[in-house]
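Enquirer: Protein sequences appear in the order of chains A and B.
Just so we're aligned: 238 in UniProt numbering is position 238 of the first sequence, and the numbers increase by one with no gaps anywhere.
Just so we're aligned: 124 in UniProt numbering is position 124 of the second sequence, and the numbers increase by one with no gaps anywhere.
Hints are not guaranteed to be accurate.
So the derived list for chain A, only partly shown, Cβ under 10 Å to chain B, looks like this [said to hold, decoys possible]: (1) A58; (2) V59; (3) I245; (4) P256; (5) P261; (6) I263; (7) H266; (8) L267; (9) D292.
Which residues of chain A face chain B? A few of them, derived with a C-beta cut under 8 Å, are [claimed, not checked]: (10) T248; (11) A252; (12) R262; (13) L268.
Honestly, the hints are just simulated from the structure, not real lab data.
Quick caveat, the model's predicted, so the values are computed rather than measured.
Glycine is no exception: its CB is placed at the ideal position from the N, C-alpha and C atoms.
2 protein chains.
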Amino acid sequence: MTATVNRQVLLKSRPEGIPESRHFQIVESALPTLVGNRVLVRNLYLSVEPAMRGWVSAVKNYSDPVPVGGVMRSFAVARVEASRHPDYRVGDLVTGLFGWQDYAVVEAEAIRRKVTETDLPPSTALGVLGINGVTAHYGLLEIGQPRPGETVVVSTAAGAVGSCVGQIAKLKGCRAVGIAGGPQKTQLCTQSFGFDAAVDYKTPDFAQQLAAACGGGVDVYFDNTAGPVSDAVHEHLNIGARVVICGTASVASWDPPPQGPRIERHLLVKRARIEGFVIFDHPEHEDVALHDLAGWLRSGQLRYLEDVLDGIDQAPGAIAGLYRGDNLGKRLIRLTRE
Amino acid sequence: MTATVNRQVLLKSRPEGIPESRHFQIVESALPTLVGNRVLVRNLYLSVEPAMRGWVSAVKNYSDPVPVGGVMRSFAVARVEASRHPDYRVGDLVTGLFGWQDYAVVEAEAIRRKVTETDLPPSTALGVLGINGVTAHYGLLEIGQPRPGETVVVSTAAGAVGSCVGQIAKLKGCRAVGIAGGPQKTQLCTQSFGFDAAVDYKTPDFAQQLAAACGGGVDVYFDNTAGPVSDAVHEHLNIGARVVICGTASVASWDPPPQGPRIERHLLVKRARIEGFVIFDHPEHEDVALHDLAGWLRSGQLRYLEDVLDGIDQAPGAIAGLYRGDNLGKRLIRLTRE
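Just chain A, with the same shape it has in the complex (with noise of 0.2 Å):
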């Protein structure tokens, strides 16, 4: 089955801001030689992340960037289609930094995880049980602390993590609001993942429909943005609440920082927290994770979008489109029909 050719998209040159497609470049390969004890992997399905435009940035940053004429770094699934090493068989489903290619010569130590989940679809294993969903349930429940009959709000709800912050919140037993761009989210929000409330922060009236939302304050806000929409949030926060930064989807660049409101002052009247992480630092949190998160999934609890581009060729604009907002739920590449 295995093909001779290996498509790969490089980093070409690396950008200001949002990486596009222009950043990045296709090209065919050979085929890397199996050697020593390493394992041959052919990617099923890529992801597309936020974090991305984070990777490939030379700023100082929590991972190395990706150097520019290198494989693009990402998250991938993938069956094994060779191994020389004992603990993977030809068959294995696995998931690891594998990058925007189709195949993949890897040491044992850069795959990630066996995915053992096998009655559940593969892509799973890079959205709700992948890397998007043990975010949500480390920031959620280990930082934010939610307590029953809070109210929980959360940014880019409609997302691969705030859809799934919002849906265990709700599990939780707390009140749970998303925040997201235009009504076709919020109502997913709302119909599809059972948030109490969702606001869109394109409208003009954001502030006052917040409000509205969030009458008995903020006790977790879970910021996957940061900018003017956290700013509004901020101004809801409940004596004793909790800010989890997870993200800064908002800001375009940080070089210089941007300016805003300074939130000293809240946080101390409202003795409030802010804290953020990186869900790489927590490796011993996935398997508690992963149960909770395929339980809810067989049983229904916890739901789920794809947004699904079809060919690696889709690969090299798929991170400005998540900056747009032109995606409904986890952004993939599909590589094969398996």
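Starting from the known structure of chain A, arrange chain B on it as the hints suggest.
Expert: This is chain B only, laid out in the frame that chain A set:
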């Protein structure tokens, strides 16, 4: 010993920003009558706190505003002059919110505590063994959670809270860096309070000096100021840093909040946390803190400085002086020569 006149400092008008002399007036009243099971106390020392700006402000806050025409709210250390309550006897030393006045008749519930450290000067009950010391102890140890070898930075470092924070940090095996205004205060930090380094925020090369003093980055920042001083510290946060918001002394008005650089990206990349607290929420911590603080005082490991103004006539202008940085150490008003 009881005089027949009670001199009281009343709030005459509500200030927009920092309270000045003109916002207060001094009146002479008759002593209130001792009724019910109340206690008559004679104030020895009155406290002057940065927090008083908030207490007289009508802006939503963590305590009700002092009413115009009312006695200015203040902590005081006092002797019981007469008592109808079984728990208090004539001669007992007590602290509480007795107000800027010579005498107060109070319910037992208004007494914060009976001062039992009679081997130490009574004025310490308002500073290092009062709200300032307990604030430093709780904020640094419970919220900042410093570990030995870490770098702790504190702003208004020569002040009543800041000097205590730096010394506790040293006692816990940390490196202590102070930020203060002017060479006299930075010298105090290093020479009297044992900070490893102190930086003058009023010098033009403050940013460079701070960077040099924090070569290994900042693990805990105990923030009494907010504003540009804090912006400079945020640049140096280490991974996993904790920022404790205790006060916002450098910002004259929060209505509307001033603009500053957004900090979400710092918090995300550094997995850092910013948290506000108000010590009145944590009465259970007082005994623990006083036990430590009094012990360190007796063993000579904890030093303090007092800025004592003589007579109640000094009170009306004393808050503004605090914000100008006129004082060296805890500012107090002495009412008797006891």
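Enquirer: Take the hints in turn and mark each one as holding or not.
Expert: A quick look at each hint next to the structure:
1. A58: This interface hint is violated because 14 Å lies over the 10 Å limit.
2. V59: holds, 9 Å
3. I245: holds, 5 Å
4. P256: holds, 7 Å
5. P261: holds, 4 Å
6. I263: holds, 8 Å
7. H266: holds, 8 Å
8. L267: holds, 4 Å
9. D292: Check failed: Cβ of D292 (chain A) comes no nearer than 23 Å to chain B, outside 10 Å.
10. T248: holds, 5 Å
11. A252: With a minimum Cβ separation of about 12 Å from chain B (threshold 8 Å), the hint on A252 (chain A) is violated.
12. R262: Holds, about 4 Å.
13. L268: Check passed: Cβ of L268 (chain A) comes within 4 Å of chain B, closer than 8 Å.
The structure is inconsistent with the numbered hints 1, 9 and 11, although it conforms to all the rest.
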